[in-house]
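Engineer: The lines below spell out each chain.
2 protein chains.
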Amino acid sequence: MAKTRKIVLREDEMPRQWYNLAADLPNDPFMSPDGPVPAEAWAPVFPMNLVEQEYSTQRWIDIPEGVLELLTRWRPSPLHRAYNLEAAIGTPARIYYKNESLSPAGSHKPNTAVAQAWYNKEFGIKRLTTETGAGQWGSALSFACSLVGLECKVFMVRVSFDQKPYRKLMMQAWGGNCVASPSNETQAGRAILEKDPDTPGSLGIAISEAIEAAVTDPTGQTRYSLGSVLNHVMMHQTIIGLEAKKQLKIAGEKKVDVVIGCAGGGSNFAGLAFPFLYDKIHGADIDIIPVEPASCPTLTKAPYLYDHGDTAKMTPLVAMYTLGHSFIPPPIHAGGLRYHGMAPLVSKAVSKGLMSPQALHQLECYEAGILFAKTEGIIPAPETTHAIATTINEAKKAKEEGKEKVIIFNFSGHGLMDLTGYDKYLAGELTNYDLPDDVIKENLKELEGYPKP
Amino acid sequence: MAKTRKIVLREDEMPRQWYNLAADLPNDPFMSPDGPVPAEAWAPVFPMNLVEQEYSTQRWIDIPEGVLELLTRWRPSPLHRAYNLEAAIGTPARIYYKNESLSPAGSHKPNTAVAQAWYNKEFGIKRLTTETGAGQWGSALSFACSLVGLECKVFMVRVSFDQKPYRKLMMQAWGGNCVASPSNETQAGRAILEKDPDTPGSLGIAISEAIEAAVTDPTGQTRYSLGSVLNHVMMHQTIIGLEAKKQLKIAGEKKVDVVIGCAGGGSNFAGLAFPFLYDKIHGADIDIIPVEPASCPTLTKAPYLYDHGDTAKMTPLVAMYTLGHSFIPPPIHAGGLRYHGMAPLVSKAVSKGLMSPQALHQLECYEAGILFAKTEGIIPAPETTHAIATTINEAKKAKEEGKEKVIIFNFSGHGLMDLTGYDKYLAGELTNYDLPDDVIKENLKELEGYPKP
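Chains as they are written, first to last, in this note's numbering: chain H, 29 to 481; chain X, 29 to 481.
Some hints could be false.
Since the list can't tell identical chains apart, any single copy or any two copies may satisfy a pair.
Unchecked claim - List time: in silico DMTMM-like cross-link candidates among lysine to aspartate or glutamate, alpha-carbon distance up to 25 Å:
| no. | residue 1 | residue 2 |
| --- | --- | --- |
| 1 | 31 | 97 |
| 2 | 480 | 190 |
| 3 | 31 | 90 |
| 4 | 452 | 179 |
| 5 | 402 | 179 |
| 6 | 31 | 93 |
| 7 | 480 | 150 |
| 8 | 34 | 90 |
| 9 | 433 | 97 |
| 10 | 274 | 39 |
| 11 | 149 | 114 |
| 12 | 424 | 392 |
| 13 | 273 | 41 |
| 14 | 402 | 432 |
| 15 | 149 | 465 |
Simulated from the structure, these hints should not be mistaken for lab results.
Given the structure is predicted, the values throughout are model-derived calculations rather than measurements.
So here's chain H without its partners, still in its complex pose (with noise of 0.2 Å):
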C-alpha cells in the first residue's frame, strides 16, 4: 500500500493543552443592565472552574490528566486523506478531514462534555441540566456524565422529543433522564403549558427550563451545562485542530491553504480552526471558511450586535452575529445549525475580517453528502454535509486554478441517526430556502436601544 489514507497519533501523541483563543483576540465583554457581567456573577450557573476558564485570557490551558483519560475513550481521532473524494472531483488539490465521528455519541460533542462532566464533578456537583434541540448535545452529555457519574437531566424540545426517538433513547441507555420541553418541572414550563397546552416547544424555552432546573435547586449540586457558543467550550473542542496540526505534519504537509467546519453555535468548526487561525494571527496565509445554512444566514447576512443567547432572555448579553433573540428559523434538517447567534469567538474573528463565511442551500449539501458516502464511505449528518459542499467548491476552484491546494475540513458527526432527512431528499420532497432581508430587518427591531459592541 503505497497511500497512506488515515493518520492515526497514539494517546501517548495526544495534545496536553487546549488553545485558548481569548489570549490572542479578545471577545467583548457579557453585559448586563449594571454593565459587565463579573465572572462570580455565573455562580449558580456554572462550577466556578469553568467560569474561570470562561473568562481566562491565558493562552495554552492544561488538559487534567482526569480529562485525558476520558478522551482517550476515543481519541485521539484520525484524519483521513479523501483520495476517493479528489477522484471524484478530478481536483489536484489534496483534501483531509478530521473524523470527529467515531466518538460513541457520533459527533464533535462528547469534547467539551467530558470535560464539563469532569469539572462539574471536581467541584462537587452532583448533577447537570442541559437543554437539547435534535438530541446531539443531550446524548453526549449523558454519555460524560455516565462516565464521571453525574445525574444528567435533558430538556428536549417536544417536537423533537416526539419526532426523534432514538435520540431519546441514546439518553436512556447512558442513564440520562429525558423530558419534553415544556415540561411541568418547572416554572417557566408550567407557565408555557397553561397558555398553550399543545405548543412543540423551542430551544429557547428548553434552555428557560434547563437554567431555572439548576439554579433553584436547594441542594445547590446541581448545575447547568451548555454545548456550544461559550468560550470554554470553543477551548475544549480545540483538541481538534490541535491534533490535526500533528497529523498534517506527519502526512508531508509543509502548508495548510483552506481550513473549513460547519457553524451553528461554532463549536466543532472553532474546534478545528482555532489553532489554524493562531497561525494565521501570526503571518501565515489560510483561508477559515464556516458555513452557515442559507436559512439561518447569522455571518452572512446578520449584524455583529449585543443579544441574548436565548429566546427567553435569560442569559447576559453577548456580543456576536445575530438574527435577534426571537428569530425561530425554518425546520431544515440540519437541526445543529439552526441558532440565531454565533459564539463570541467566532463572532470576533469574523467581524476583524480574519474567516470568510459562506452559507449553502440544503440541496447542494445533501448533494455533496451523498457523494461522500458513495466515494469516502461514511454517511454523513446534515451538519457536516455543509462542510463538504463548501469543500468540494473549494476543490473545484483549485482545479480551474491549477493549484495544489491542500484543505481541510471537520467531518463533526455521522448522519446514521438522521437518516430521514437523507430519505426526504432522495424521495425530492427537501426544497432550498433563503431567509429575506426584510425579515431579518424586522427581526432585529427587538435589539433597538441594546449597547454596541
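Take the given structure of chain H and dock chain X to it, following the hints.
Structural biologist: Chain X only, in chain H's frame:
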C-alpha cells in the same frame, strides 16, 4: 496518562494475509444427491475467484492490495482495555475488546463485504444480491458495492424491515436497493407469502430469494453474496483476530485465557477466534466461547448434521449444527443471531471439542449491554451484548478463583440503529424464551434420510 486505554496500529502494521482455518481443520464437503459438490457447480452463484477461496486448504492467503486499500477506510481497528468494566465487576481479570463498531456501517460486516465486492468486480460481475437479518449485512454490502462500483440488491427479513427502517435508509444512502422478504420478486418469496401472508420472514427464506435473484439473471452478470457461514467469509474476518494478536503483544500480554464472540452464522466470532484457535490447535491452552441466544440454540442444543443453508433448499447440504432449515426463530431483538445453522468451520471446531459454546437469555444480555454503555461508554448492538454478558460471567469466575485471566471479546457492532430493543428492555417489555427440546426434535424430522457427516 499512565494507562493506555486503546492500542492502535498504523495502516502499514495491518496483516497482509488472511488465516484459513480449513488448512488446519478441513470441514466436511458440501453434498448434493450426486455426492460431494465440485467447485465448478457454484459458478452461477459466486465468482470463481471466491469459489477457489471457499475450497482452498492453503493456510495463509494474501490479501490483495486493492482489498487492503478498501479496508484502510476504517482499519486497523483499535483494541480497547476495558478498565472501567473491570472495575465495575471488581475482577482481577484483564478484559480487552476489539472494536469493530467503528466501520462506516457500524459492525464487523464490511471486512468481508469489501473483499467480496472487490473479487466480484475483478471477475467482471456488475450486480450483487444478498439477504440481511437485522440489516447489518445489507448495509455493509451496500457500502462495499458503492465503493467498488457494483449494483446491490438486498432482501431484508420482514420483521427487521418493519422494526428497523433506519437500516433500510442506510442502504439507500449508499445506493443499495432493499426490499422486505419474503417479497413478490421471486418464486421462493411468492410461494411462502401464499402459504403465510403474515410471516415475519427468516434468514433462510431471504437467502433463497437472493440466490434465486442472482442465478436467474439472464445477463449472467449477477452473483450472490453471503455475509456469514461460508469458509471464505470466515477467512476474510480473521483480520480481526490477527490484528488483535499484534495488539495484545504491544499491550504486553504473553497469554490469552478466554476468547469470546457472539455467534449467529459465526462470522464475527470466527474472525476473532480462528487465529487464536490456530494457537490452540498447536498446543496453547485457550478457552474459546461462541455465545448464542437461548431462543436459537444451534451449538448448544442442536445436532451436527447435514442440512440446507436456506429454507427453500436451494443450497447444497452443509455439515453443521442445525435446528432444521424450516426453523423460524422467535423474533428476539438480536436479529443477527437468528439463524438455524452455523458456519461449517465453527461447527467442525465445536464437534471436535475445541470450543465451549454457551447460550444466554436476552434479559441478561441487555443488562450487560447497559452496564457496558455506562462504564465503557459505547452502546452495543443487541448481538454484541451476548459476548459482553459472557465476558462478565467469565470475569466474575476469575474473581471467584482469584485468577488474573486475560479475556478478549469481539465488540462486533454498535447499537445506535437498534435502540428500540433497549427501550423495550428498559420498559420491562421483554421476556426470556427457551426453545423446548420437543420443538427441536419435531423440527429435525425434516432431515430424516439426509446423509450424516
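Engineer: Work down the list of hints and note, for each, if the structure agrees.
Structural biologist: Here is how each hint holds up against the structure:
no.: 1; hint: 31 with 97; verdict: between (32 Å within a copy, 8 Å between copies)
no.: 2; hint: 480 with 190; verdict: neither (38 Å within a copy, 55 Å between copies)
no.: 3; hint: 31 with 90; verdict: between (35 Å within a copy, 18 Å between copies)
no.: 4; hint: 452 with 179; verdict: between (36 Å within a copy, 22 Å between copies)
no.: 5; hint: 402 with 179; verdict: between (40 Å within a copy, 12 Å between copies)
no.: 6; hint: 31 with 93; verdict: between (35 Å within a copy, 11 Å between copies)
no.: 7; hint: 480 with 150; verdict: neither (37 Å within a copy, 65 Å between copies)
no.: 8; hint: 34 with 90; verdict: between (27 Å within a copy, 22 Å between copies)
no.: 9; hint: 433 with 97; verdict: between (36 Å within a copy, 24 Å between copies)
no.: 10; hint: 274 with 39; verdict: both (13 Å within a copy, 17 Å between copies)
no.: 11; hint: 149 with 114; verdict: between (45 Å within a copy, 22 Å between copies)
no.: 12; hint: 424 with 392; verdict: within (14 Å within a copy, 54 Å between copies)
no.: 13; hint: 273 with 41; verdict: both (12 Å within a copy, 23 Å between copies)
no.: 14; hint: 402 with 432; verdict: within (24 Å within a copy, 46 Å between copies)
no.: 15; hint: 149 with 465; verdict: neither (45 Å within a copy, 52 Å between copies)
Checked against the numbered hints given earlier, this structure breaks hints 2, 7 and 15; the rest are met.
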